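Listed below, chain by chain, are the residues.
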Amino acid sequence: MLEVKNLQVAYGRIQALHDVALTVPGGKIISVIGSNGAGKTTLLNTISGLVRPRDGQVLLDGKALPSAAHLTVAAGIVQVPEGRKVFSSLSVDENLTMGAYLTKRGDSNRTRQQVYEMFPILKQRSGQAAGTLSGGEQQMLAIGRGLMSSPKIMLLDEPSLGLAPKIVTQVFDLIERINRSGVTIVLVEQNARKALAVADYAYVLENGRIVLEGTGAELARNPKVEAAYLGGQASGA
Amino acid sequence: MGDSFWSVVVQQIVNGVSLGAVYALIAVGFALVFNVLKFSNFSHGGVLAISAYVGYFAALKLHLSLIPVLLVGTLAGGLIACGVEFVAFRSIRKKRGQLVYFFVTSVTMLMLLEQVLVIFFGASFFTYPRLISLTTLTIGQVSISVLYVLMMVASAIAFGVLAWALRFTRVGIAIRAASNDLITTNLMGVNVDFIVLATFFVSGLLAGLSGVLLGMSYTLYPQIGQLVVKGFIASVLGGLGSLVGAALGALALGVVEVLLISVMGSGLSPAVIFAMMVIFLLVRPQGFAGVSFQEKA
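Protein chains in written order, with our numbering: chain G, 1 to 237; chain R, 1 to 297.
One or more of the hints may lead you astray.
With a Cα cut of at most 25 Å, we get these calculated BS3-like pairs of lysine-lysine [stated by the list, open to error]:
1. Lys123/G with Lys85/G
2. Lys38/R with Lys85/G
3. Lys94/R with Lys85/G
4. Lys63/G with Lys152/G
5. Lys85/G with Lys95/R
6. Lys104/G with Lys85/G
7. Lys28/G with Lys5/G
Covered, in the sense of this in silico footprint (three residues per stretch, anywhere, with C-beta under 8 Å from a C-beta of chain G), are these stretches of chain R [as the list claims (entries may be wrong)]:
8. 163-177
9. 188-196
Because the hints were derived from the structure by calculation, they are not lab data.
Owing to the predicted nature of the structure, the values given are computational and were not obtained by experimental measurement.
Every residue, glycine too, gets a C-beta built ideally from N, C-alpha and C.
Full structure from sequences and hints, please.
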């Protein structure tokens with residue numbers, strides 16, 4: 001279980017997160033929705049150890065997480081960053097190797113097989129530079145690369161960003177599949193409808209504060225959420 | 001245009017390639033750090049210079065032979081570069097300083113390392129003891145000195161090892177990943193402090209090797225490190241960001257330089273080279289090999 005307690009994060013004098021608290025029970029999908037600039041990426045980067053909080057705690061199974069990003073991965077939390085961030089000049093296979101940087105070779109070979117079974121397209125393109133993949137394929141690779149560390153918890157930052165609707169559906173199916181295989185998911189999304197549909201529990205982040213929380217279904221029915229995050233999309237998507 | 005003209009041209013090209021092979025060592029070492037931290041690291045020249053002196057004293061005082069001298073100078077370069085990273089660049093990186101701070105610090109470090117050499121050894125010139133035969137090999141009408149053969153062979157071996165390490169070792173792949181995106185590399189569980197240090201080490205090895213080779217082919221003086229400018233030009237020509245481009249740029253630079261010197265002498269040729277660099281960058285700002293992949297939004 002991952003717990004975030006009264007987290008305060010600031011960049012210089014600009015406070016990005018105010019007293020953010022959330023609980024991520026093992027095996028669940030937790031979504032955090034909010035508009036651009038609400039602080040969603042900052043939240044994930046703080047959990048990942050890229051950003052140091054001014055105050056507050058991030059606890060994994062009751063213990064404070066290390067404050068360096070590479071140690072967070074060793075603790076079992078991996079982030080799939082916004083905008084995929086695949087290593088564009090490395091081959092698909094080398095990207096997976098990077099995902100398994102901390103894993104013993106024997107274990108990583110087994111995981112690699114599993115990732116290739118999950119994403120046959122990546123296997124076909126294993127020798128190709130990752131920068132030549134399509135946006136959807138790059139997202140698959142970014143997720144596959146994240147799986148290579150055999151994480152307990154996967155943090156996904158805007159996995160649907162910039163993808164065609166059909167691919168978005170595939171990505172969300174995939175997230176549920178990964179969750180069923182035992183990986184806890186923290187999903188940060190602007191695509192509120194999809195994010196609430198897959199979520200066991202969800203939070204709404206606005207200007208760096210949690211303003212609402214509830215099960216995915218509850219929030220999807222909430223009139224405020226509907227007006228602010230779902231209304232526009234009903235006509236749009 | 002008789003045979004003799006062409007044999008002179010071929011001769012100059014061979015000489016240019018030999019010189020370019022050493023420039024390539026400088027350029028690739030320079031580009032390695034540029035790729036990861038995105039600044040032009042002129043302290044590379046200082047590392048080169050000190051390594052050249054280390055090689056010189058290893059030969060003179062310890063009476064080491066050619067191969068050990070090359071190895072000692074190469075290793076010295078790696079270690080000195082690590083020291084420079086640790087002392088000069090690490091704290092800027094930790095404070096997320098702007099790129100211009102890195103750049104200014106690197107120039108300062110170049111001057112500082114030069115002055116260290118002046119303090120200890122004076123501004124005078126030294127000549128490496130003779131480590132290899134001064135004879136030349138003759139193939140057809142082209143003759144090539146054993147030193148030039150050594151420069152080409154040593155560079156080829158260094159690049160072979162480098163290519164292998166970057167392709168097949170975990171740290172090597174991580175250095176390439178860091179060249180793409182340092183933060184995401186960190187998110188993979190990679191300790192970026194270590195990877196940056198490793199990058200400086202590898203870059204310093206190349207500086208060390210090039211320093212000894214240049215020390216052997218020229219005389220040794222504290223400002224020998226300013227030859228880093230050749231590596232800079234080459235990596236810009238090759239397209240900043242590409243190691244292969246930097247190496248190709250260096251070979252081209254070596255050949256052009258030797259040909260120009262034979263035509264117009266060594267006074268004018270640097271000006272012409274800079275003019276060519278400016279024109280080249282206007283025509284093809286991404287360099288020879290400057291293809292960059294785009295992340296798809």
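Hints violated by the structure (listed by number, smallest first): none
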